[in-house]
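> Below, each chain spelled out in residue letters.
There are 2 protein chains.
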Amino acid sequence: MPFAVVGLGQCAYDILGRVDAYPAVDAKAELGEVLFQGGGPAATALVTLARMDIGTTFLGRVGDDDFGARIRSGLLAEGVDCGNLLTDPGRTSQFAFIAVEHGSGRRNIFWTRGSARPLSLSEIDPAPIRSCRVLHLDGLQQEASLAAARIAREAGVTTVLDGGTFRSGTADLLPLIDHLVVSEKFALQACGGNEPRRALEKLLSHGPRAVTVTVGARGSHTLSREGEEFHQRAFPVDTVDTTGCGDVFHGGYIYGLLQGWELRRTVRFAAACAALKTRALGGRTAIPTLAEVENFLSEQA
Amino acid sequence: MPFAVVGLGQCAYDILGRVDAYPAVDAKAELGEVLFQGGGPAATALVTLARMDIGTTFLGRVGDDDFGARIRSGLLAEGVDCGNLLTDPGRTSQFAFIAVEHGSGRRNIFWTRGSARPLSLSEIDPAPIRSCRVLHLDGLQQEASLAAARIAREAGVTTVLDGGTFRSGTADLLPLIDHLVVSEKFALQACGGNEPRRALEKLLSHGPRAVTVTVGARGSHTLSREGEEFHQRAFPVDTVDTTGCGDVFHGGYIYGLLQGWELRRTVRFAAACAALKTRALGGRTAIPTLAEVENFLSEQA
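For the protein sequence lines, the chains are P and E, in the order given.
Every letter in the first sequence is one number past the one before it in my numbering, and letter 189, counting from 1, is 356.
Every letter in the second sequence is one number past the one before it in my numbering, and letter 167, counting from 1, is 334.
Chain P on its own, in the form it takes in the complex (with noise of 0.2 Å):
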């Protein structure tokens, strides 16, 4: 049976731990909670799609170390498909330490790619990505990126771009996309300017069907290329940690596309469920199950 969402990009083993205060330089910091939990961008929205009982695949890579099997297994845990996820024999995996500030949740991330490479143009299986509905990718494997985004234009499979840092190969991927869902760096830097509503019409030039801008505690703001354009609150939640939460968006906004629903009703949907998300310690811990997002939203005005 075909996967629903094949995710292309990083994954990364998350070391969390929870300070009272994020920390001055030079001093130390006794951590509170700590977590060890898969992560990364692609990876972390197909675990929301996951919750959501949507049937997923991950192609990436990950060393053949401790953490690689870790990430490989609490994939497989949440029921996200490994099969194309690889490991490469004698190369780290992608990890973070990530310390988080009690009260806030804010979030510093220190992370290294790890050695493993990344895919490469022949380690891309073209079968899934034909016959999925929806190819998530974060840029981060920018060579079997574009790959993956011309087979799935080809097959006519719907395209989600998670843009967080605009990297040199970026722009030639952006064509080959049909939802851009990118960060407010991502949107300056691509733009090469400061003033947002100037990046929405920006991006919207390069082709796609909408362009959204997350910023943080600040919603989000969207344009269509129907000429929609609206603003997306982020809903208030008492917040234990940030990490992920834009990659939990866009697992929620890519639920909405495969219901077929509007793109104000999706972004609603994908704020619901990144405000969720915030709940605990984790990229991952408190993603929200489908009934808890219905719920959520229902309290909301």
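It should be emphasised that the hints constitute simulated quantities derived from the structure, not laboratory data.
Just so you know, not all the hints are guaranteed correct.
Unchecked claim - The list that follows gives simulated cross-link-like pairs (lysine to aspartate or glutamate, EDC-like), each with its CA atoms no further than 16 Å apart:
no. : chain 1 : residue 1 : chain 2 : residue 2
1   : E       : Lys195    : P       : Glu268
2   : P       : Lys369    : P       : Asp405
3   : E       : Lys195    : P       : Glu393
4   : P       : Lys195    : E       : Glu368
5   : P       : Lys352    : E       : Asp193
6   : E       : Lys352    : P       : Glu268
For clarity, every value in this text was computed on a predicted model and none was experimentally measured.
Dock chain E against the given chain P, drawing on the hints supplied.
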């Protein structure tokens, strides 16, 4: 054959990563060099001695996780005996993520003690303590430290305390210590003041033969029972990482005690060990051999 030095205290697994600059709150920082290495005050002091061909054994406990296995194998690889290093089933080891700032060598330590239990009184084998020449404590296993210090005192074994933080039970330990080598923080906490000279006198009133307070790049201050008092400068070196400097200072200090050197020579040797340690990322990577310390000191004024 008895071990010359018994160390009792905490051992940890360190994940070290170099950052261009210590990041502001709520930011991401990509790590340059990354290193996985055993650490912990008493454990790293023993590694320092082992590199100088001194026989050492470590009393402590790790969890039965990957980190615990690596803590043990790291000590064994350095020639530190682990016959007295226990494993706590189903519990986790202490670990730290250490962000080291490029250029300055300043480091931020995010640490957790893990769930492995401290050693209890009944778990202390008195035999290696009675037969050693120096017992080194880092004060992080309080109940066991007190028991071990009593055994050492009865057997006429010299005791050294690495005091990092003055804890509630620390006062009980002080009368059993011969050489107190403590951080500025410990000294000021112990004396409730902010005047280092006064702290030296007050710490000496607990009965040790000598007190040394280390003050980082400003060197150290020493006061002995015989009234000898001196300042030792920190030797200038191109600092890559200051992690473990204090631990290595202790190792060098104990080496001097074993040689029967006078106090001033002992502290100068310890300062050289600590300076040379800073040459590379990691608490243990650049711990010098005896020949390296001797060469270094012969080049100094």
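> CA of E/Lys195 to CA of P/Glu268, is that 16 Å or under?
holds, 14 Å
> Between P/Lys195 and E/Glu368, does the CA-CA distance stay at or below 16 Å?
Outside the cut-off at roughly 27 Å; violated.
> Going straight from one Cα to the other, do E/Lys352 and P/Glu268 come out at no more than 16 Å?
Answer violated: E/Lys352 to P/Glu268 is near 24 Å, above 16 Å.
> Does E/Asp193 lie within 16 Å of P/Lys352 when you go C-alpha to C-alpha?
The given pair, whose Cα atoms are some 14 Å apart, holds under the 16 Å limit.
> Check the hint pairing E/Lys195 with P/Glu393 against an upper bound of 16 Å on the C-alpha distance.
Not satisfied, since the Cα-Cα distance of roughly 35 Å exceeds 16 Å.
> Are the Cα atoms of P/Lys369 and P/Asp405 separated by 16 Å or less?
Roughly 35 Å between the alpha carbons, so the hint for P/Lys369 and P/Asp405 is violated.
Against the hints set out earlier in the document, violations occur for numbers 2, 3, 4, 6.
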